[in-house]
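> Listed here are the chains, written in short residue letters.
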Amino acid sequence: MWLSNSSIGRKVVMSVTGVALVLFLTFHMAMNLVALFSGEAYNAVCEFLGANWYALVATVGLAALFVIHILYAFWLTIQNRAARGNERYAVNARPKNVEWASQNMLALGLIVVLGLGLHLANFWYKMQFAEIVGNPMMGGLHAADGYGYIMQTFSNPVLFVLYLVWLAALWFHLTHGFWSAMQTLGWNNTIWINRWKCISNIYSTVIVLGFALVAIVFFCKNLC
Amino acid sequence: MTKIIDSKIPEGPIAEKWTNYKAHQKLVNPANKRRLDIIVVGTGLAGASAAASLGEMGFRVFNFCIQDSPRRAHSIAAQGGINAAKNYQNDGDSVYRLFYDTVKGGDYRAREANVYRLAEVSNNIIDQCVAQGVPFAREYGGTLANRSFGGAQVSRTFYAKGQTGQQLLLGAYSALSRQVGAGTVKLYTRYEMEDIVIIDGRARGIIAKNLVTGKLERFAAHAVVIATGGYGNTYFLSTNAMACNCSAAMACYRKGAWFANPAYVQIHPTCIPVHGDKQSKLTLMSESLRNDGRIWVPKKLEDAKALQAGTKQGRDIPEEDRDYYLERRYPAFGNLVPRDVASRAAKERCDKGYGVNNTGLAVFLDFSEAISRLGKDVVAQRYGNLFDMYEEITDVSPYENPMMIYPAIHYTMGGIWVDYELQTSIKGLFAIGECNFSDHGANRLGASALMQGLADGYFVLPYTIQNYLADQITVPRFSTDLPEFAEAEKAVQDKIDHLMNIKGKKSVDSIHKELGRVMWEYVGMGRTEEGLKTGLAKLKDIRKEFETELFIPGSKEGMNVELDKAIRLNDFITMGELIAYDALNRNESCGGHFREEYQTEEGEAKRDDENYFYVACWEYQGSDDKAPVLYKEPLVYEAIKVQTRNYKS
Amino acid sequence: MDKNISFTLKVWRQNGPKEKGHFDTFQMEDIPGDTSFLEMLDILNEQLIEAGKEPVVFDHDCREGICGMCSLYINGHPHGPATGATTCQIYMRRFNDGDVITVEPWRSAGFPVIKDLMVDRSAYDKIMQAGGFISVGTGAPQDANAILIPKPIADEAMDAASCIGCGACVAACKNGSAMLFVSAKVSQLNLLPQGKPEALRRAKAMLAKMDELGFGNCTNTRACEAECPKCVSISNIARLNRDFIKAKLKD
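Sequences listed follow chains A, B and C, in order.
The first sequence: position 104 = 375 (my numbering), numbered continuously.
The second sequence: position 16 = 53 (my numbering), numbered continuously.
The third sequence: position 96 = 113 (my numbering), numbered continuously.
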């Protein structure tokens with residue numbers, strides 16, 4: 272199977288799952304923004320995405336994307352380290368043009384995964400998982416009270432800061448990941464490379480700002 | 038001297054000789070080809086194209102190179118282009134004209150029939166290379182672009198940026214790679230041929246040194262082709278790559294192959310001048326620069342003095358005080374005269390004291406006129422990479438100040454003697470490319486080396502070698518256990534042991550530099566009888582020094598770069614003597630060989646067709662201490678009337 | 018005129034592919050600025066030989082930036098600090114008095130060290146043998162001008178073809194990937210009409226060989242492009258990706 276036994280194939284898997292995850296983030300970010308305007312509307316969305324069959328299927332699909340993306344990341348990294356040989360350079364210099372993020376995608380990805388774990392514990396476990404196991408009051412609030420959970424989470428300054436760190440890592444990860452996916456899929460050339468890089472920077476910034484905005488607003492709300 | 042030399046030139050009018058030859062030569066049928074082995078030494082344009090073609094035809098080929106990959110061969114460094122008589126520009130070019138220009142450019146010392154064949158197949162080369170994917174420069178309409186080069190009045194040079202040699206070599210290399218992938222060619226990289234094995238008077242194999250393990254290995258075949266380039270590095274400083282050497286050619290020479298016209302050494306006029314004694318090589322600035330650059334020195338000696346002292350720069354000299362000496366002396370060809378003429382003219386000016394750098398050994402190549410005529414952008418587009426290279430080396434920008442150039446050893450027209458079939462005087466031993474002597478006479482025109490290498494490899498040798506191999510089909514493969522192989526290997530091993538055991542104090546390079554100095558001074562651009570005799574005496578001293586003072590660190594086992602260089606230097610010294618003997622014998626000036634005693638009042642080369650209208654073939658006499666013996670292959674010109682070269686009108 | 022400089026040179030020494038390597042440190046005095054980097058190493062080697070020691074082994078040949086033989090990793094950069102230049106084209110005036118200059122071989126599993134600074138790049142030849150050619154026999158072709166190639170295409174193919182096969186892309190890549198090399202070769206041939214019939218087959222064959230030889234996966238860091246002495250662009254990699262995916266989807 273070329274998606275596993277050729278280097279481009281493996282990269283295609285990374286790209287496709289990556290792009291799908293970017294789409295998910297876009298949707299998630301848009302959903303979060305709803306909370307800024309109306310708690311009720313947000314909760315309605317939460318209810319809609321509760322333990323329904325379609326939401327569950329989507330969740331499983333999403334989880335699969337994550338797992339594949341992460342497993343491939345480790346696999347590629349192990350292969351790449353082996354390809355580098357046993358000796359390491361004594362002196363390293365990063366040439367201009369080479370983004371810092373591009374050389375640290377795995378580390379950034381790990382931060383993103385850790386943040387994800389936190390996030391799942393804070394929200395998903397208490398909201399969707401609670402419904403699945405049939406204990407809708409797991410986190411002290413009703414499972415569909417997303418608004419309440421947001422308020423609760425961002426009242427904690429430690430969590431707030433951790434979320435911001437997480438989002439920063441995500442930003443770096445996305446700025447490289449996005450155009451890199453286009454390059455891997457072959458939709459690139461000397462003209463488009465700069466366009467894609469510009470698009471990835473803007474797009475990543477929009478997504479990350481969207482998430483950050485919700486966190487900041489709710490953190491402030493709690494302060495007042 | 039009574040030896041009759043048969044160059045096997047086919048019968049018939051010049052334009053039909055090659056066709057006739059091909060129609061009547063012997064061929065080998067496909068089943069038999071599989072049973073015949075051919076060794077090709079070298080993977081430059083000639084070697085790679087020959088190995089690829091022979092492999093494709095069905096022979097079993099063994100191909101050797103000293104670098105880590107066939108793609109590194111020095112053909113890669115050719116910048117300017119490759120000639121062909123396509124007449125795409127509708128400027129009156131034809132096979133005959135290319136033939137004529139090449140013979141004239143060679144100062145009427147080439148073998149007519151060979152040159153005509155070269156011109157004839159030149160068009161096939163372009164077709165072949167385009168089909169291989171060589172990205173030649175193109176016009177907007179999609180057709181191939183051309184430019185003009187020295188020694189011609191038509192635009193017949195095809196080019197790929199300033200990297201024509203690289204692109205052509207990559208074309209041949211990819212054809213070779215295809216055959217290696219298909220299993221018809223077996224490739225040996227980082228192997229150096231040390232000797233040739235002769236069985237019953239025929240070349241039947243080689244002894245090669247694995248440069249990584251240091252071990253000697255034996256290889257047998259029905260025929261051996263050497264494509265190992267020229268001997269320019271005899272002069273230490275040259276435009277040749279560091280590994281270019283003449284050891285394979287010298288091995289053939291020592292085993293009895295004649296060496297022809299060694300004195301014909303091409304000095305390229307547009308090289309970056311020597312700057313210090315630590316310099317390891319000279320960098321060529323493409324001849325194509327002479328299309329738009331104008332060569333000059335100051336008219337006044339005091340300006341030259343100021344330039345030499347560094348108190349003035351080239352751009353400070355006003356137009357009326359500049360002496361565009363090539364345009365002055367050769368109005369018809371101007372800056373595009375052949376290389377030997379341009380080189381000598383530069384030397385003449387510098388000898389008179391008009392040199393323009395601190396050593397007094399440089400002239401200007403000026404683009405200010407081209408920049409004002411075409412604009413900086415166009416000039417940058419045409420020559421940008423060369424200008425950048427020049428600036429990196431010299432720290433001077435050619436956009437602001439004229440370039441400084443000086444002649445340097447570049448190419449060797451002489452080489453192993455071959456007949457029309459490219460077979461040497463040893464049966465079954467063939468020589469192709471720069472390694473042989475045949476096509477350029479006493480001087481090679483620009484963009485003709487690539488043409489010759491590929492012509493030999495793609496279109497000539499694959500035919501002519503069959504004429505030889507057709508008689509060999511009943512000869513079974515040879516065992517490398519035969520006493521001839523053992524003997525040859527032992528001789529090489531003894532030589533290595535001997536060199537390792539000298540245990541003197543001097544490094545290979547230090548002796549090589551001395552050799553280079555003697556060669557440049559006494560056997561260089563301007564030669565005299567007295568100088569050559571002095572040079573020969575000094576070469577004896579250098580050989581003695583080499584034999585007593587050489588020091589090679591490390592051991593003969595494993596990789597030992599110094600040992601490999603020492604083996605080559607041993608041959609360079611022999612080669613140096615050979616060049617000097619030939620130069621001393623040839624009491625005339627022609628092409629790259631200029632004897633100061635033989636010049637016209639205007640300082641032009643004066644040939645002596647009555648006495649020297651021949652190819653000088655030198656035969657080794659069994660020892661480096663004995664002078665070689667000369668045989669003559671008389672030149673017969675049927676198609677061209679021999680006359681004095683004229684680039685003035 | 019150029020000034021002379023003195024500096025400390027740290028050079029990687031290694032006796033063979035399996036041996037353990039180490040750095041040797043040398044003090045270089047009064048080296049003229051117009052000495053090329055390799056000539057500086059020549060000077061060092063002359064000094065070593067004079068002292069009866071073995072010289073440093075390094076690959077080099079044409080010394081004019083085209084053969085692709087020289088291969089040193091200098092102060093963290095393949096081919097040293099200059100852009101668009103090979104090691105042999107680096108002149109000492111680029112360095113300062115008192116510098117510490119560290120010279121290492123290419124380090125990659127695909128390029129095992131042979132000795133000191135010399136590595137084995139025969140993997141590139143093997144990749145070429147897998148498909149880096151147009152299958153045309155000697156003597157078969159039609160007239161060169163029978164194939165019209167638009168100038169922009171010819172120029173783009175030329176840019177890809179300017180790759181000198183030195184291996185700097187692999188040396189620079191933190192993944193030890195040879196994608197820039199492979200893609201440059203594939204691009205040159207796949208862009209031209211002559212190479213089109215075999216384009217997809219070529220992309221598959223050369224990539225498979227690259228993978229087989231243990232080179233890494235490209236993660237688009239662009240280090241290869243930044244360090245390439247001939248400034249070959251990663252847009253070639255995109256083209257290879259495209260052709261490869263196309264080929265696989267067709268299968």
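Hints may be right or wrong, so weigh each one.
[As the list claims (entries may be wrong)] Capping the alpha-carbon separation at 20 Å, the derived lysine to any residue pairs in SDA-like fashion look like this:
1) C/K70 / C/E46
2) B/K540 / C/E67
3) C/K191 / A/G356
4) C/K20 / C/E67
5) B/K663 / B/E584
6) B/K223 / B/S516
7) C/K267 / A/G356
8) B/K63 / C/G156
9) B/K550 / C/K191
10) C/K20 / B/S516
Treat the hints as calculated values from the structure; they're not laboratory data.
As the structure is a computational prediction, the values presented were derived from the model and not from experiment.
> Against this structure, judge whether each hint is valid.
The hints, checked one at a time:
1. A C-alpha spacing of about 19 Å is found between C/K70 and C/E46, which places the hinted pair at or below 20 Å, so the restraint holds.
2. The hinted pair formed by B/K540 and C/E67 meets the criterion: a straight-line CA distance of about 12 Å does not exceed 20 Å.
3. For the suggested pair C/K191 and A/G356, the alpha carbons sit about 10 Å apart, so the restraint of at most 20 Å is met.
4. For the given pair, C/K20 sits about 26 Å from C/E67 by alpha-carbon distance, which is inconsistent with the 20 Å threshold.
5. Restraint check: the Cα-Cα separation between B/K663 and B/E584 comes to about 16 Å, which is no more than 20 Å; the hinted pair holds.
6. For the proposed pair B/K223 and B/S516, the alpha carbon gap of about 18 Å is at most 20 Å, so the pair holds.
7. For the hint pairing C/K267 with A/G356, the CA-to-CA distance comes to about 35 Å; that exceeds 20 Å, so the pair is violated.
8. At roughly 19 Å between alpha-carbon atoms, B/K63 and C/G156 fall within 20 Å of each other, so this suggested pair holds.
9. The hinted pair formed by B/K550 and C/K191 fails the criterion: a straight-line CA distance of about 42 Å is larger than 20 Å.
10. Note on C/K20 and B/S516: the hinted pairing is violated, with a Cα-Cα distance of about 60 Å set against a maximum of 20 Å.
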